[in-house]
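From first to last, the protein sequence lines are chains A and B.
Residues in the first sequence are numbered from 1 upward in steps of one, following my numbering.
Residues in the second sequence are numbered from 1001 upward in steps of one, following my numbering.
Quick caveat, the hints were computed from the structure, so don't treat them as lab data.
Just to be clear, a hint being listed does not mean it is correct.
Stated by the list, open to error - What the simulated footprint calls covered on chain B by chain A, stretch by stretch (three residues with Cβ under 8 Å from a Cβ of chain A suffice, anywhere in the stretch; the number is not a length):
#1 1035–1041
#2 1075–1084
What the hints assert, rightly or not - Below, a list of computed lysine-lysine pairs in the BS3-like style, where the Cα atoms sit at most 30 Å apart:
#3 A:192 with B:1117
#4 B:1117 with A:119
#5 A:147 with B:1111
#6 A:96 with B:1145
#7 B:1078 with A:922
#8 A:779 with B:1037
#9 A:192 with B:1161
#10 B:1117 with A:147
#11 A:102 with B:1151
All residues carry an ideal CB built from backbone N, CA and C; glycine is no exception.
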Amino acid sequence: MTRMYMAIVMLHVAIPCSFAQQPGSKSFKLLNDNEPFKINCLFKTSEGYIYAGTTNGLYSFDGINFKKINFTTAGIKDTVTAIFQDKAKQLWVGFKSGHIAKKVKGRLEYVEMEEGNPKAAITSFIQDKQNNIWFATNGEGIYYFAKNHLYLINSENGVSDLHVRTLALTSNGDVLAATDQGINICRLVNGKATVNVIGPNNGLPDYYVTTITPAGNNTYWIGMQEKGFCLYDHSSGKITLPASTLSWNYGQVNDLLVSQKSLWIATDEQGLLKQTGINTPVEVFNSVPGIQNKINHLLQDNEGNIWMSAATELTAITGNKLKLLPVYSPKVFETIHATLCDYQNNIWITTNAAVIKYSLVNGSYTEKIYSFPTLNSKTDITSLYQDINHTIWVGTMGKGILLLNPETGQSRSLSENPLLQNASILAITGRGNTVCAGGLEGVAMIFNITEKNKNITEKYRFTNYNDIENVGNNYIYSIYKDSRGRIWFGTDGKGITVLDNGKLTTYNKTNGLRDDHIYSFAEDSKGNIWFNTEGAGIYCFNGKTFKNYTDADGISDLKITALKTGPLGNIILVNKKGIDILNPERGSFSYINNKQGIGDVNTDMGSVTQDTAGNVVLSTLRGIVFYTPVEDAVDRPKTIIENVQLFLTDVEKNVKGYFKHDQNSFQFYYTGLYYTSPDEVRYQYKLDGLDTGWILTRDRNVTFPKLQPGTYKFHVRSSLNENFTNVDVVTYEFVIEKPVWKRFWFITTFIIVLLALVYGYIKRREKQLKKVQQLQQEKIQFEFQVLRNQVNPHFLFNSFNTLISYIEEDPAMAVDYVEKLSAFFRNIVNYRDQDVITLEEEIGVLRTYFYLQQKRHGKNLSLNISVSAEENKLIFIPPLTLQLLIENAIKHNAVSKETPLEITIDLQNKNRLVIRNNINPKITREPGTGTGLQNIIKRYSLLSKEFVIVNNDGAYYTVILPILHKLN
Amino acid sequence: MLYAVSSGSITFRSDAPLELIKASSNELKGIFNADKKQFAFTMNVNSFKGFNSPLQQEHFNENYLESNKYPRASFEGKIIEDMDLKKNGVYSIRAKGNLTLHGISQERIIKCELSVKNNVVSIKSNFTVLLADHNITIPKVVHEKLASEIKVEVKADMIEK
Chain A
1 MTRMYMAIVM LHVAIPCSFA QQPGSKSFKL LNDNEPFKIN CLFKTSEGYI YAGTTNGLYS
61 FDGINFKKIN FTTAGIKDTV TAIFQDKAKQ LWVGFKSGHI AKKVKGRLEY VEMEEGNPKA
121 AITSFIQDKQ NNIWFATNGE GIYYFAKNHL YLINSENGVS DLHVRTLALT SNGDVLAATD
181 QGINICRLVN GKATVNVIGP NNGLPDYYVT TITPAGNNTY WIGMQEKGFC LYDHSSGKIT
241 LPASTLSWNY GQVNDLLVSQ KSLWIATDEQ GLLKQTGINT PVEVFNSVPG IQNKINHLLQ
301 DNEGNIWMSA ATELTAITGN KLKLLPVYSP KVFETIHATL CDYQNNIWIT TNAAVIKYSL
361 VNGSYTEKIY SFPTLNSKTD ITSLYQDINH TIWVGTMGKG ILLLNPETGQ SRSLSENPLL
421 QNASILAITG RGNTVCAGGL EGVAMIFNIT EKNKNITEKY RFTNYNDIEN VGNNYIYSIY
481 KDSRGRIWFG TDGKGITVLD NGKLTTYNKT NGLRDDHIYS FAEDSKGNIW FNTEGAGIYC
541 FNGKTFKNYT DADGISDLKI TALKTGPLGN IILVNKKGID ILNPERGSFS YINNKQGIGD
601 VNTDMGSVTQ DTAGNVVLST LRGIVFYTPV EDAVDRPKTI IENVQLFLTD VEKNVKGYFK
661 HDQNSFQFYY TGLYYTSPDE VRYQYKLDGL DTGWILTRDR NVTFPKLQPG TYKFHVRSSL
721 NENFTNVDVV TYEFVIEKPV WKRFWFITTF IIVLLALVYG YIKRREKQLK KVQQLQQEKI
781 QFEFQVLRNQ VNPHFLFNSF NTLISYIEED PAMAVDYVEK LSAFFRNIVN YRDQDVITLE
841 EEIGVLRTYF YLQQKRHGKN LSLNISVSAE ENKLIFIPPL TLQLLIENAI KHNAVSKETP
901 LEITIDLQNK NRLVIRNNIN PKITREPGTG TGLQNIIKRY SLLSKEFVIV NNDGAYYTVI
961 LPILHKLN
Chain B
1001 MLYAVSSGSI TFRSDAPLEL IKASSNELKG IFNADKKQFA FTMNVNSFKG FNSPLQQEHF
1061 NENYLESNKY PRASFEGKII EDMDLKKNGV YSIRAKGNLT LHGISQERII KCELSVKNNV
1121 VSIKSNFTVL LADHNITIPK VVHEKLASEI KVEVKADMIE K
């Protein structure tokens, strides 16, 4: 876990004084066990993140907390002296030890160089046009990386001093180095470094150069030890000395910062200075609380705030955004109802029966009071306006309008318009030669100013609008002439009436306005008319439709004093606590309030004005405040996903993540970077794949434990209010894989294998069943054949003939013969159901059969069985196999005295039963189907793996049967 | 105070995908001025011995380093750090100078370990030489046999002159 370091925050507000001031400041200290560290350097990344290099290492700063960036290798302690980010967004860090580190995966790693590390502190980095990284050291000169090597530019190359404080890259690719002995211009020519020195001989007032800051157009601000600062033009070599530096007594210049048109100067003895033009005096801010006398570094954040580091303190001021002129006392403030910034940028305020002018003379403000004898001290002055002749128009309650020539102090009452008799004026505005005045009881008039009116005693030409519908007999809060010449009347309860080419049109609740009390008008660069209402926020009228902005859109206070168009086109809403700034492109609001040191703003409509540059000028309890928007400034939080953790371990957040099913607990850390008011930032997040909608929070982290497998996308966005429209969303995508046994391919494979197994089993079983069935069938066929054979008339006829001959000659033998015949048929009937019988049983059947045959053929037929009685019992045979073979032998051969038939049955090698007979073919063949032998072969093929071999060599007919030992 | 190399060796190694070439030479000469922190080392390129084959040595001398044309390699310059050679001890120092090889000089910073023992200064250094830095071109055929980065190791003992 990264350790969070707490920062002490101090809020300061300006104290009264006659100089221009920063209204407030915020200070932070980096503490560890109550011990503050020294801040050596500041850096802003391309994302806008501020980093601080300290004696205790590197810290990132989000406006609230400092977070230490640790080393990958634990235990390294080194003082950071320089920070840099290259074009590839790689962060480089230089240390006092001379080491250099890169930030890799959120941690620091020393860069190991073959050339070894410098042994002097690293002071500055730059990246040149060839993308080589250069760094300066305090004591060894300047190094640069090129083509995998590290090179050193030192005295041998002509460097005037090895103590180099800052590097700067020029427009033409040279490197400027600030050294204790002048500016060194380094240039690489054909891989060789050449150095030119700019010193006192070239007009540099002080050869001890401390800092170099680009000033645009190849010019550079040079900070020096004793002689302040100067402008160096690298194209011409010319050095310009600002008037303020001719007698410099602010101490060493430590850093310079260009912000808009001003140069901010950090000094060693007099704190912060600001210079707005080469020959204007510097403004001093050393008396502003929170600003130390010795400031080391300056940095401008993306919102335009200026940060400075002073020893152990980091302080932010609003920079060019806000300027406070604490020119009047709180007592005077209570009498102010209107302000004016004249064409010379003098500030005018109204007070009891008088107006006061504040002018800047030699850096401080002087006041001049213009009182009006015709007014008593109770008369309120409500409005101020300066016309093209520079005449000041003063609107009063009950005393009409007074005219004042600011040069001569001459004044008079504008009495030529009878409507102004004892009239109460609420607003005087104008454009060009038109001045508009509005007030109570139908005061609505437009004056046409001419050259003659330069003399204020000349009569003014005017038109009154008191008799027109919706305008007359009403309160007119303001009358506004827009850039197209249209006159807009804002009324109390009658809406808006616009006079365009002599035609009057009124817009009120019937046109969709929610409030008919209209206070003030402004026009943006697109010609849209903006106005604020008493309680329904502001409207933008584009000529056809009204667009309303309310608190739901981000307006902080619906009690809006006035609205103005700022110099950058923003719409500025003034309220009691500060200002709301509307970005009209995006519809988003940003705020300036007590967090920036302003508050107690005058709520009189006339107290909001603009200077010649368009900057908005407010009157507040503590003084006049100028608001100047900063160009290209960020006006909303920048959302950053800082870290993604899986079970509290960091994961790479810039690429889509893939995780296993049990890697399922995620924590997201995010920031809406907004240094102006970091604690105002709120967030919305959602996790696609889990949540359906955005969840609003102020927390900067969220945990999702035990996510199910699936595809997720984490979204986060930030805003300064609850309006999140048009806000950038930052995302992180990740996938939690299903476990192996739930993945498609696994399940598919599993099913296929299962099916294959089942199929195989079924097939096998089918085969087996088929075999059994076949066996059964064969058996039936065999039985059938045997029966048919044995009951075939031939056999019976022959048997009966034999029997007849015995009945007469030897009746006892006849009886024996019949017994044998009957035994034979009984055996057939007995054995036919069995698959196999023992060889002994088979031989029994065979002998009975042979006896019957031998009685017919006598000695011409012989059977020789050479199988032992033991073997007979162990060997199995399908029933009637041998009988069938012997029957075949007798059937197919002639049996006579000349050709006796000899049949032998042998057991060979204990595994084959050999049945053999000699061949004497019959001349007339006994009819037979030949299926008997086929049947035997088939039955054996089902019962044994070995085959039945039948061999006819012409002399002998041999059948070899494999032996069957046992059947399951 | 001047120091001169009493014994020294220089070894190089090329770890190419197909072939490892290693050769060394004991003919390292050099001189070091401790007061000015300046030094100069030199050697004959064709004194490298210990190649895999005579053919390899021939290629090395004739095709790559062209040692007939550029017989010497040298490194001369100045030590960046300060040190005291009168005290025994081990120092990590860096030398900035010009490395000349194949007729091309390149500015280099070379890190060395320097140890002093009884007035004998021993130097040990490992560094790499990029062939491209010194215009040493490798024919495509032997590309796989010769690494584009050559590792060099130098050891030398120096004594006071």
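Now for the hints, and whether the structure bears them out:
no.: 1; hint: 1035–1041; result: violated (count 0)
no.: 2; hint: 1075–1084; result: holds (count 4)
no.: 3; hint: A:192 with B:1117; result: 37 Å, violated
no.: 4; hint: B:1117 with A:119; result: 24 Å, holds
no.: 5; hint: A:147 with B:1111; result: 18 Å, holds
no.: 6; hint: A:96 with B:1145; result: 43 Å, violated
no.: 7; hint: B:1078 with A:922; result: 125 Å, violated
no.: 8; hint: A:779 with B:1037; result: 114 Å, violated
no.: 9; hint: A:192 with B:1161; result: 34 Å, violated
no.: 10; hint: B:1117 with A:147; result: 37 Å, violated
no.: 11; hint: A:102 with B:1151; result: 26 Å, holds
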